[in-house]
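Peer 1: Chain Y: place on chain A using the hints.
There are 2 protein chains.
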Amino acid sequence: MTREFKTVCERVRERVEPDAEERQTLAAVREELVTRTESAFADLPVEVEIQHVGSTARDTWLAGERDIDLFVAFPPSLDREELEAFGLKIGHTVLPNGTEEFAEHPYVVGEVGGFAVDLVPCYAVDDATAIQSAVDRTPFHNSYVSERLDSDLAGDVRVCKQFFNGIGVYGSDLRTKGFSGFLTELLVLEYGGFRSLVDAATGWHPPVQFDPADHGTTAFDDALVVVDPTDPDRNVAAVCSAANVARVQHFARELVAKPRIALFESAAPAPLEAQAVRTAFADRETVPVAVRFDAPDVVDDQLWPQLERSREGIGDELDRRGFDVLRSVALADETAVLLFELAVAERPRIERHDGPPVHVREHARKFCDAYAGADVYGPFIEGNRYVVERERAFETAAALLGSDAIFDVALGAHVESALEDGYDLLVGEGIGELAEAFGRELARYLSPTPRG
Amino acid sequence: MTREFKTVCERVRERVEPDAEERQTLAAVREELVTRTESAFADLPVEVEIQHVGSTARDTWLAGERDIDLFVAFPPSLDREELEAFGLKIGHTVLPNGTEEFAEHPYVVGEVGGFAVDLVPCYAVDDATAIQSAVDRTPFHNSYVSERLDSDLAGDVRVCKQFFNGIGVYGSDLRTKGFSGFLTELLVLEYGGFRSLVDAATGWHPPVQFDPADHGTTAFDDALVVVDPTDPDRNVAAVCSAANVARVQHFARELVAKPRIALFESAAPAPLEAQAVRTAFADRETVPVAVRFDAPDVVDDQLWPQLERSREGIGDELDRRGFDVLRSVALADETAVLLFELAVAERPRIERHDGPPVHVREHARKFCDAYAGADVYGPFIEGNRYVVERERAFETAAALLGSDAIFDVALGAHVESALEDGYDLLVGEGIGELAEAFGRELARYLSPTPRG
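These protein sequence lines map, in sequence, to chains A and Y. Following this note's numbering, the numbering of the first sequence begins with 2 at its first residue and continues without gaps. Following this note's numbering, the numbering of the second sequence begins with 2 at its first residue and continues without gaps.
Okay, chain A solo, but in the shape it has when bound:
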């Protein structure tokens, strides 16, 4: 078994190791970028430090990934507006065809020699606890890892990233809620290699907690806690969901039990056609109902938490109204979709409504007054309480979702505005329409596996 494991890892390692040519190209592009940046600063009245950070700087990138993150560190005394202005100016000079993106502040991204380049301004603070902006932390992470990773461990980091990719848990974006590159590096460092990490993960009992710099001061309520070695109050794994920790554990056991390359390869299913989607739901005998609207024009890390919050809010309301959500999913590209799969298609005209205990005199009186002569069954008495059976507000989920009641649940702000601009309601067979944009996601939804 150990030999098989080793063989599999070696094969993966070879695959994901950038070759000499890729390394040379990277070195040349970086050189070019640094030169461009330095000359761009020649005209500016400010001292900066240029730092190559990220996986290409730490030798932990996967062959073919081709991202270069160049950080330009300004003096902390510079005010924010100036930093942003300088940052954008330099960015556009270095990357003439670049476009602006926005994290905590704007920056320019572009393409040079086949590499995707991020040129990010930050503050050159003294240590990571003194940061003025989240990006200021990156150079510290970069130094911490670079000082500790030798090329053998860097190779293990690559294998581990590829494993996390394969099982769908790689990425700290708020859609994936998985493992960042930095987190992966820290875990490999912590265990001294991929194999030890995998062995340990098979027996994890969350919360799983590490404090590489042994300086943590805060209690975190996360399934996985890795205290940032450059900041004692920060959990590097804060976005990592319990499900993704469980997935790593599940697949670690799989990998140990039966080592195989397939676990390092993503398993995207073939997209389903409309008719196949309809047939699949019909075969489950559930009622799919979807709210479709124009995706709000915000970055993914804003969009996804809002979609998830909205999915939860609407799902809870559907449950509360008796439509029993079996499962649900959020989908997004140009359009966003909140899809709910219901176990209950329809509720009767009436619903039971429990009133106050008879002995609570004032409430009892109000309850009886309210329902006297109303079109209800009762009031009658069960146990020590009044009960009526009254008209239900919504007999179907579609009636509920098509009404203003959808705005009474907790929705993300941008989702709420998007819905206010209008939305489609797809029910039952109508769900087939979603296959065009989301055939692959629906295939995954309808054949769920432990992968993320």
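Think of the hints as simulated: they come from the structure by calculation, not from any bench. Don't take every hint at face value.
Remember, identical chains collapse to one label, so a pair may be satisfied in a single copy or spanning two.
Here are the computed lysine to aspartate or glutamate pairs in the EDC-like style, where the Cα-Cα straight-line distance is at most 20 Å [claimed, not checked]:
1) K259 - E363
2) K259 - D370
3) K7 - D80
4) K367 - E255
5) K259 - D60
Peer 2: Positioned in the frame of chain A, the structure of chain Y alone reads:
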């Protein structure tokens, strides 16, 4: 208001007061019975005491009720078999056309001069805590009440019984679970009259507790507690349900707010015809489903608790399986019926089944092994757990109730045997059939009021 209340009570009182002729008839029949009993004992080698007990003995019977309870008290030294043999022998001698009934031991009931007569053997124990059989208590209750009720209070007891009759809470049988005659007498004694009882009841805050003889030693967990003045460990109101206490409270408020004769008259609705039953359920848009079987041949006080237990057991199972019981009712005469009104007609083919947390290794392994290659969706991971969507056992309530699964729920023993002998399942429109035997009960079910 007080005047109206008084007027109403006086009118009721007149109605329920037996007239001179009825009293004379009663006296004559009692005389006759005592004579017959004494002469029957002339031949027997045992000393007995003959006691007229119950409401006709205490002057608290309602006009027209015509029940005579004659207790024959034997020496406590007599063994049980002999007591039963003597009791039946005397019973048949005194009531030549009598039939045998059975409470804690057998006794004879018959008819004499238009009165229903119970001739019950008991032990002449020294006090009520030394009883050998539950019926031995009755003579003590009789003495307790007779010594304390004057004819004015006896009149109030009659009015109160009539009120309890009118609102459907009179009777300590295990179907009604209401107020016994003795309990009614104790309450009127406790409050010194009907009006005070009603006034107090408007403000009751259960548990409502009394201890007329101030000798209680036991804590009771009942909505109404009246410690038996002849037995400190017994709650006279033990069978009285919380709902019936609440009903008294509700109608006490009604009576004070708007005194009226209607509250002293039972409000049996007109029976519904089959088509009206079908229409009523259709209008509610629920799914009625009924289990109908031959009523087990046991006394009502055995039958009703078993029917209620079975109704609860099956109702819980229907809920657990997702069919959401809106309301249910047990019906019985020749046939017994457990009727469940469902909010959910059908569930999908699949159901969600949560597995163990991924980190609980041994359970996780078993779960994954169990579902590997099975015809399920998943396993997949949600939160920290495995989940599968698997085939549901029953998609409809009828499928569940028509299967052996009905015997897996807690049923009364006699109900279980009766079901084993076979039962009908009526669903939806089929429920109309029940109107023939239970038209009135269905009318009450479909127009529920606070009355019991």
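Peer 1: Report the numbers of all earlier hints that the structure fails to satisfy, in ascending order.
Peer 2: When the structure is compared with the hints, numbers 3, 5 turn out to be violated.
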